[in-house]
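Novice: Those protein sequences? They're chains C and S, same order as listed.
Going by this note's numbering, the first sequence opens with residue 1, and the numbers climb by one from there.
Going by this note's numbering, the second sequence opens with residue 1, and the numbers climb by one from there.
No lab work stands behind these hints, which were simulated from the structure alone.
All C-beta atoms, glycine included, are put in the ideal place defined by N, C-alpha and C.
One thing to keep in mind: the hints can contain errors.
Stated by the list, open to error - Part of the chain S face toward chain C, derived, beta carbon under 7 angstroms:
hint : residue
1    : PRO200
2    : PRO201
3    : THR202
4    : PRO205
5    : GLU209
6    : PHE217
7    : SER246
8    : PHE253
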Amino acid sequence: MDATNARRVAYLNARLLDPASGLDAPGALLTEGGTIADLGPRLFKDGVPEGIETVDCDGACLAPGLIDMRVQLREPGEEHKETIATASDAAAAGGVTSMVALPNTEPIVDDIAAVEYIARRAREVKRVKVYTYAAVTRRLEGQEITEMGLLRDYGAAGFTDGLKAVANAGVMRRALSYSRAFDAVIIQHPEEPALAGGLMNSGKLATHLGLSGIPNQAEIIMVERDLRLVEMTGGRYHAAHLSTAGAVEAIRAAKARGLPVTCDTTPHYFTLDEGAVGDYRTFAKVSPPLRREEDRAAIAEAVADGTIDALASDHAPHDQDSKRLPFGLAEPGIVGLETLLPLSLALVHEGKLDLLELLTRLTSAPAGILGFQSGLTKGNPADLVVFDPDRAWRIDPDSFLSKSKNSPFEDHAVRGKVLRCVVDGRTIYSE
Amino acid sequence: MTSLNSDSANLGYRHPHLLGIEGLSAQEISFLLDLSGDYAKLDPRSHSYERLLDAHTVINLFFETSTRTRTSFELAAKRLGAEVINMSVAWSSIKKGETLIDTAMTLTAMHPDVLVVRHPDSGAVKLLSEKVDCAVINGGDGSHEHPTQALLDALTIRRRRGRLEGLTVAICGDVMHSRVARSNIHLLTTMGAKVRVIAPPTLLPSGVESLGVTAYFDMREGLRDVDIVMMLRLQTERMQGSYVPSIREYFHFYGLDREKLGLAKPDALVMHPGPMNRGVEIDSELADDIDRSVIREQVEMGVAVRMACLDVLTRPLRPSPEGA
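Okay, chain S solo, but in the shape it has when bound:
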């Protein structure tokens, strides 16, 4: 990625887009997390956000259904005063006619300031970013990256533990198909955390160790003494005899329950990117345990992280960035 404007006062994050965590430096990640932390301190009920994005247009372009991520981006943009347009496009209809690049051309002609894009194909958001002349935020592409999710996970951990460095984090479940896992692995390893992945062999991508993680097939072994347990969602179509034989077997060996969590550190936090399959990857009661589960806080941090990302990526458009 090239710098949009090297003279910009935007020293902390010098990329035109946020397409992934891979390739970001620890400084850049810290900068985004610090700014996100500032946004998280603001009280949503005070209605006192600075309208930094007044008269800006943010388009949420979703080629895959999403409720929580789209809403989180929409809320973040609106709190900063932006005009938000949501475009949900059934990818099947796109396939019939317009190509992704045609879509990009059409959108460019409308001159949005930020495009938030989710797409079922890995690499599609990057392709689109090369064809438009505004900032692009990856809202999740295929099994590749979901950078704002990794940032909100990291912010949640930092608020609870004060740091990322030196922590041991277990990422459990469908690592193979998970963009959340990949972004989190990049972020956590860059920030000096130790990352374990725990899954049946059928749900671990080949050569996963090359990402700097340790792989475990045995969840009990993998959870031993970890600080953080991140659960991943298992898509229903992967449950019946293809990647795993059944829900009950998956829950028995890879579902998080109190007994398995007991092997982690006594104060280990439980995270999940949502939406949860209760009784598949996580015990329902555990998901609701406010002493262990920070799943609600993750959602809250999502809005703060997205505000920070929108702020940072639109700074080149604004005459006098803060702190200049």
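Bound conformation, chain C alone:
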């Protein structure tokens, strides 16, 4: 499309929030076609020229769209739980403009054909931007590394064995080493499998319920081991969904030593503790398990101080048949695309960190880890979210656009609502 004919949209009366530049000021933003054409406090002060559509934000926040670096799409293979289309709808409703899928589909994303398939389906669905990781090891078996160079060339955003840890230290060493040639990040599910055979967090509650426990050490040992391997190889390492104070401590120390490591967590680890499992509530069964209150508080603290770089939903859709089961047989996982922002905003409302810092964890930090563009900058893709940070509401999983409703947050009170989601200049969700 010729630039002069491109559709232009003015977002007026917005609170512009840009973590990349530190901007937090009232103003307006102009998109032209798929990109940000202009923005600032003075833009359109003297009115909007003719031929430009207008969106009145009415004082709401306008920020770069969220980048959710950990979702499960279930397509291909388990379309009864979620599809790229339904996950995209859920993402848009959650203000997520880019999401990155785990490779644990059927077939597994461990070759270039699968990466291309996801890319083609995302083009066909054409809502939010959908990326995928590729597996670190073939068939997620933890033995032979995948064709990381070719997979990267074909668009793999990074490498992870998804819900499985790369358990063999020799294989992890090789993956961290080999990936350096392609500047790819290795994302670990940090859990030592030999210690993670249980069903919930180890401790009094597990003992009381008669459920086998997973100790904090399962996570801490794997993170500490991996950090030694990073030290040895110089590979880029990212630890996913931290749940323990000990793992946070290890990452904090590694960053202080200058290692190329990052990590994320997921709202349920700073929102809930093991008590949510309560009376065998399978919707609170998740991997790694919800931990003790001390760990929950430490995770919240680490998000606030930046030890935890990024927040991701760890969106894990499961149908009723996978959850309405005895605790031991139920699948672990929580849907999170539509609750990522409101649950995260609780940290701001509690005064743990300011809004701009929180948005860093949700936009520019994951973008930096993955090499994506993010930020309210002229020329950047117009991937935007408009949200009211204060509006109070209660989470109702039945109203989720996601095909699966497995959330432990039913009737949970939150503040903060997504009003509009824009991808490449196109509004794909509005309240």
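Go by the hints and put chain S onto chain C.
Specialist: Then chain S, alone, in the frame of chain C:
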């Protein structure tokens, strides 16, 4: 290494054995290359070699399968008139019974003049050399050294370029497991060439820079403006998901083809120690391109280099060395 006989007229190379390139001086290397060059000038079809090793015995003791190196040594020794005995020993059977040192004792009792030894374990040839009373040539030990290969590579380069000093040489591929790479790195850096190693990080030994080379993960970057491209063989067992994920990925990023070679100097030479994996580390057509590939010449120079080494190491045994 100590000098066998400091009064010997063998001034150019004063070691009893040839165990590696590391530790040799530039003068010693030049001396061996000069002599090798002289042997290379002789026409094999004239059948007019001096039978310097008449009545000498050379034993090729190979604990690892080899066709080309063993044949090259055998031919070199026979052209100099030596009696050659080839002993191929399956290392597995050795492990069951006789130790390496027992083997050395047995062989010493047979009084050979030169032992050419190849062994899958790094350091094994040196160990054996300490237990026998004849000259030992390392025909390749583990991932450690393969000195005659480095010499024949250097001779080939010198014949084509007239010098080694100041050239930039890229050594590409499985540097980690390669004795050819180590010997070449020692030789080329000693002779004043600049050496780059190019490989995926999994195939570069840790601290490779300590050998005086620059490491590259990106082959295109590493090949820029080099004079010589030395390819290494990638063993098949290292191709499937262990050190590299697949053959096609390896060839895509680290296989030498015309496009990547285009980044080197326009007249850059392509070398390979053989045997080649066509379509793995080198494009087949490129391997056969007589304008760029000197792979055949390397084989030819191998015989000349080995004749020179056999000549030099047996000089103390001969009453009046040439040039005395």
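Novice: Which constraints among the numbered hints does this structure fail? Numbers only, ascending.
Specialist: 4, 5
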